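There are 2 protein chains.
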Amino acid sequence: MDGIERCDVLIEAGWVVPVVPHGVVLEDHSVALRGDAIVAIGPRDAMRARFQAGDTVSRPCSVLIPGLVNSHTHNPMTLLRGIADDLPLMEWLQGHIWPVEGAVIGPEFVRDGVTLAIAEMLRGGTTCANENYFFPDVQAETYRRFGFRALVGLPVIDFPTAWAKTSDEYFAKAADVHDAWKADALVGATIAPHAPYTVSDANFERVRDFARERDVRVHLHTHETAQEVRDSIAQHGVRPLARLDRLGLVDDRLIAVHMTQLTDEEIALCAERGVCVAHCPESNLKLASGFCPVCRLQRAGVTFGIGTDGCASNNDLDMVGETRTAALLAKAVADDASALDAASALRAATLGGAVTLGLGDRIGSIEPGKQADLALIDLDDIESQPLYHVISQLVYASGRHQVSDVWIAGRRKLRARELVDMDLPAIRANARQWRDRIRQIRTAR
Amino acid sequence: MDGIERCDVLIEAGWVVPVVPHGVVLEDHSVALRGDAIVAIGPRDAMRARFQAGDTVSRPCSVLIPGLVNSHTHNPMTLLRGIADDLPLMEWLQGHIWPVEGAVIGPEFVRDGVTLAIAEMLRGGTTCANENYFFPDVQAETYRRFGFRALVGLPVIDFPTAWAKTSDEYFAKAADVHDAWKADALVGATIAPHAPYTVSDANFERVRDFARERDVRVHLHTHETAQEVRDSIAQHGVRPLARLDRLGLVDDRLIAVHMTQLTDEEIALCAERGVCVAHCPESNLKLASGFCPVCRLQRAGVTFGIGTDGCASNNDLDMVGETRTAALLAKAVADDASALDAASALRAATLGGAVTLGLGDRIGSIEPGKQADLALIDLDDIESQPLYHVISQLVYASGRHQVSDVWIAGRRKLRARELVDMDLPAIRANARQWRDRIRQIRTAR
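Just so you know, the sequences run in chain order B and W. 445 is the number that the UniProt record's numbering gives the last residue of the first sequence; the numbers go up by one with no jumps. 445 is the number that the UniProt record's numbering gives the last residue of the second sequence; the numbers go up by one with no jumps.
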């Protein structure tokens, strides 16, 4: 047929929310994929006339959105979901999380935890994770095996762990993992100093140089609690952000995770330097860390993404729910019911995360030329009725179980709720084995 | 067989969380139902030996809990889900909600909205609602028709509405509806003055007398916002609770909804008088009303339930999600990660709500003699793995879509995710008709 173009997949959705342009809902639109990319978006009939598709997926009661970007998570800890709740932070870490991690951490734990997390993320419409844990080499291989997009954090911390014993070893291993994955299309790396209170000035300077030399982002927990800020003042004479600035780390490479404690001057500094924030509202609530002032960030022009944090402090990887929590909480924190409206919350969970991860030119919106990272969400459930506003329904009234189909880089990962290339019963059985093993360890202690 | 007892239904669950005793998880236990009541609870094998059941429901991967009690909702407004979001309170009410309500309110709207809400509530494990809207006669009939447990609020407000024109008419109609339903096993009534700022002293005194004469609870929005408290001081010289106390309303009949603004003295007064609170965290967040100090209430011994509020300000009737939000938010508000632990949050959503509604002797826990209002929640999903602590998983990691089966007063209402006696396609079609009608009204204005 003359003038007909080929595409691999044509997705026909009741609605497409491309995120760019902002707040737009396109009714009865289709998106054409070729290879790993989006090639076109347009009205259904025009797209049918224009494209001959290898596969057509028609979902007249669903909305197509960019895949959700989890801007901060510790996915191996999915194996520790709910192991210890409702405890003060230090008791939780020192009495429960660290001892268990100490007993089980290693390549197997990391591989199996990331695998479980990928299954959960795909079933919830998440297509990219900003990972932060030990054994980034194993993480990278696991994400690659399942075709899941991720940045793995290359850990730096001042004390020895199962991953590395000395600062030199941390940086040597970081360089190795970075170099091994630097050309990969799906998996990349950040350098990930743990937190201001666990990393020395000398190591932060090495982090800075590592990031500049290799052009990677710096993934850092900071300003998580008031205690952290107080301790920094006591130890270093300044708040963490000022210390980081002194060390040359406050720039557009910095992914600042949590940021519940912020002065207006600090927000202005972040805006000026292009610092991005990973906002983890449910973790901040559950650990009583404080409230990240996302409305003030937004007004100042600071880009932020949304993250679930790890399953030991959330206790899920549900980006649909996390986005709703972000939208609801922002209003009460700002004392303004119009703060972080639904469209802005959805943008934070997609393009905001993508920009935060340095992937804003590749993912986070449905635009020709971008990677085909997509999720379809069914709005036919009785809980989605009546349907006045698609984006409102998505953010304020939808559950992750309504996600029906997911693509990453053009590859189908979830098909009508079924994982395409993952063995769910085996993953479930494996998680149970880990539970039994961890229970034995805890009983034996 | 000698010594064998008959029961109508034997529910065999992987776990039973009876709520009383507090925090207990019973593994491989069964619950026997006869007629509308729970007759026994015990280990599976012992129960099999003891009972011959008309019907046995085996769910080895599910947890059985008391049905969730929605302590405050406006269910007819489910038809307005998401009609206007992200707006300041007064613009939302005056520019959107009230004009639409003015155009559509009436028996049909109330009946259809409540029907839609019942379908949603059942699919989410909710078995009882504390309703607050106009046309309580129609609400009562609708709840009765579907065998759903509810208290309907008998509205009192100082201005004319479609329900009544004068104070005398409000109270006359309240008396009629109360009398018509006072002997019903499932549906009862509260007297429901709207709010301190819309009800005069004279009408509050009539409310007080109505409640005392008929032995019903008083269902009242109060201390919802700082503005309400300021306005009360300006108009009445005292905060709303002090004014209500002057009018003789601060007692164990009062269901105080929202309560985001509370001094220590007010909390002590509520504890002393037996006032119960309906905590609606997501509505309070979404409308930027403030934060209800549930941890302080709990420490003072004030009973509280959890409510979703109406779908125009939430935007769902998801008590599973609302309970999680309550548990998460309480910690950040109290600055204490151990505040409102999972078991306490679940108790608030069940027995706390039951006591708040004056039904603590009949529902809210799984105990012999209580009404068989029950929900089964599937914990076999990959999102529920690994499973260390059942109550933690329920509160922090489960979604309402995992609710598989529901009973109210011993009658099966949801069977393996299917509504037993509701026509879901018809309800969906009806909701769409209302949407189209309401859209036309809004376009025409």
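I should point out that these hints are in silico values taken from the structure, not numbers from a laboratory. Check each hint, because a few of them may be wrong.
To be verified - To list a few chain B residues with every Cβ distance to chain W over 10 Å, as calculated: (1) I157; (2) A172; (3) E205; (4) S392.
To be verified - Just some of the chain B residues that point at chain W, by a computed CB distance under 10 Å: (5) T161; (6) S289; (7) A337.
Said to hold, decoys possible - Computed footprint of chain W on chain B, listed as stretches where at least three residues anywhere in the stretch have a Cβ under 8 Å from a Cβ of chain W: (8) 24-32; (9) 53-63; (10) 184-190; (11) 273-285; (12) 305-317; (13) 384-390; (14) 418-430.
Since we're looking at a predicted model, the values are computed, not measured. Idealized CB from N, CA, C, for every residue including glycine.
To see whether the hints hold, each was checked on the structure:
Annotated as non-interface, I157 of chain B keeps its C-beta farther than 10 Å from every C-beta of chain W; the closest such distance is 23 Å. Under the 10 Å C-beta cut-off, the non-interface status given to A172 of chain B relative to chain W holds; the minimum distance is some 34 Å. At the 10 Å boundary, the C-beta of E205 of chain B stays outside the reach of chain W, the nearest C-beta of that chain being 33 Å off. In this structure S392 of chain B is not separated from chain W by more than 10 Å, as the shortest Cβ-Cβ distance comes to only about 4 Å.
Among the interface hints, the one on T161 of chain B is violated; its C-beta lies about 23 Å from the nearest C-beta in chain W, farther than the 10 Å criterion. The closest approach between the C-beta of S289 of chain B and any C-beta of chain W is roughly 7 Å, which is under the 10 Å cut-off, so the hint is satisfied. Interface restraint check: A337 of chain B against chain W, minimum CB-CB distance 4 Å, threshold 10 Å, status holds. Judged by the Cβ-Cβ criterion of 8 Å, the region 24-32 of chain B is not covered by chain W as claimed, because only 0 of its residues qualify and three are needed.
For the region 53-63 of chain B, the stated coverage by chain W is violated: 0 residues have a C-beta nearer than 8 Å to a C-beta of that chain, whereas at least 3 were required. Requiring three or more residues with a Cβ within less than 8 Å of a Cβ of chain W, the coverage given for the region 184-190 of chain B is violated, as only 0 such residues are present. For the region 273-285 of chain B, the assignment as covered by chain W holds, since 3 residues bring a beta-carbon within under 8 Å of that chain's beta-carbons and 3 suffice. Under a criterion of three residues with beta carbons nearer than 8 Å to beta carbons of chain W, the stated coverage of the region 305-317 of chain B is upheld, 4 such residues being counted.
With 5 residues having a beta carbon nearer than 8 Å to a beta carbon of chain W, the region 384-390 of chain B meets the requirement of three or more and the stated coverage holds. Counting residues of the region 418-430 of chain B whose CB lies closer than 8 Å to any CB of chain W gives 3, which reaches the minimum of 3, so the coverage claim holds.
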